[in-house]
Amino acid sequence: MTGGASNHVKSGGLRSIDPRPKLMLMVSASTACMLTGNIPHIAGILCVLILTLVVGGADMLVVLGRIRALLLLIAALFVIQTIFAGMDGLLLAAVLSLRLLVVVLAAAILLEGEIRDYLLALVQMKLPYELAFAVIVGLHFLPILRDEAVNIYCYMQLRGKDFKKLGIAKKLRAYSGLCLPILAGALRRAYETSIAMDLRGFRAMPGRTSMRRLSMRGTDVILTIFYPVIFIALGFIFVR
Amino acid sequence: MKTDDHIFIETRNFSFSYPPTGKGTERRPALADINLAIEIGSITVLVGPSGCGKTTLCRCLTGAIPKLIKGTLTGEVYIGGREIAHDDAVTVGALSAQIGFVTQEPDHQIVMTAVEDDIAFGPENLMKPPAAIRSSVDAQISNMGLAGKAETNPSALSGGEKQRLALGGILAMNPEAMIFDEPMSNLDADGRTRFTRRIKELKSGGRTVVIVEHDFELFDFADRWVLMKDGRLICADAPANIPRSLLEDELWR
Ligand SMILES: Nc1ncnc2c1ncn2[C@@H]1O[C@H](COP(=O)(O)OP(=O)(O)O)[C@@H](O)[C@H]1O
Ligand SMILES: [Mg+2]
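Chains A and B, in that order, give the protein sequences.
Taking the numbering used here, the leading residue of the first sequence gets 1, the next gets one more, and so forth.
Taking the numbering used here, the leading residue of the second sequence gets 1, the next gets one more, and so forth.
Zero decoy hints are in this set.
From the structure, some residues in chain A lie toward chain B, with a derived Cβ separation under 7 Å: (1) I115; (2) R116; (3) E192; (4) T193; (5) I195; (6) A196; (7) D198; (8) L199; (9) R200; (10) G201; (11) F202; (12) A204; (13) M205; (14) R208; (15) T209; (16) M211.
Calculated directly from the structure, the hints in this document are not laboratory data.
By construction, the Cβ of each residue, glycine as well, lies at the ideal position given by its N, Cα and C atoms.
Let the sequences and hints guide you as you build the complete structure.
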């Protein structure tokens, strides 16, 4: 029995697609919508992304939950821009919001995959492994930072600091009191981990081998070509 | 000056102080005048009260001090007959194939986002062939009681599981010498029994082992117990030869 639950989530759909088509999708979708200012073109790209999520069997409720805050932010930006720039700005605001939407949805598609697979994909794409590992070590610290923040927050509340009752100035001061120990703790961990990595032979040899190897299947190859081609084709259809 | 052939790691008149932190505060040395020779294939248990310099000594035996952690040091450290502390040509990376170090805090050592990837991290760095890495990773996963968790993110593991993962990551590198810094602090009774059994296996495999452990009585089969206090060696001898009166002191616990 090897982790039935996680295997179940993985089987089929977007999660079983190689990371490289997803990286290609991210790069080509964001490049395409930065190069074009044409609303139907960007809307077309958006449709491709949404279709990818739906056909790929992503749980749309989960996806929406993940990007909810960003969607609200995009909506707020849109409203603010139209208020300040009037009707003239409406078009510009729409283009900007749609572009942001594309980036957010492409990121949501990337999230339908494992970090370790992206790391491996980047290494197999001949990115220097030190660089790829810098990313993963950075990601590794995010949950540690969060846990540390929760710990220190609880500790400060135990000492009788109720954040909700504080005025704004005092709140700011309390938060800076919260941030410094978190930062110090994170720096110390980063330092200790970098030593431990060297003691485990990191960068000891001229290169590095990988236990796992990702291999692209037919669908993966087709998708890697499909995304940039369809984004360019949409451009030819809508922009003239 | 060369050391004897049967000695793996040796320190001679070794003293070390961490860099001062505050303004003008003079630290007492973390290690003072350490003379310790660790024989090939022996088991050494380092004992001493918290803050007496056990972790610091481990860092010296792996080359982390002074290669990665700077400070003031005098004396020498020999590994395999070669002086390493003052020789810039020797790197921690090169030593990592010979000497494995399991850190006191597993969170400081675990890097990857899946159990199997973390165990593979060391062997991959040493450029072992993928098939060989796979088989030693699978062996460590089952030895360390992590079956079914190969793809689990280590942040979701319990304290004991993390500690076993940290052990497995070093054992998979299969170095000639292994240094364990308080490896059992998060293990339950069963985990402790397994760990001591594992150490016996390492010894019969000819490996050199150094263990920092408060519960030194568990390692009555060790070749030597080394007692430390305030950065100094108090006594280093076979368990049977150490005066009982010295051991009864509560400070060692
Ligand atoms: N990275 C460091 N920088 C400065 N001082 C340190 C560092 N690590 C340990 N020390 C100090 O060195 C002394 C010995 O610590 P350590 O070797 O960790 O002891 P032990 O492992 O026996 O508990 C302590 O006084 C400790 O505060
Ligand atoms: Mg210690």
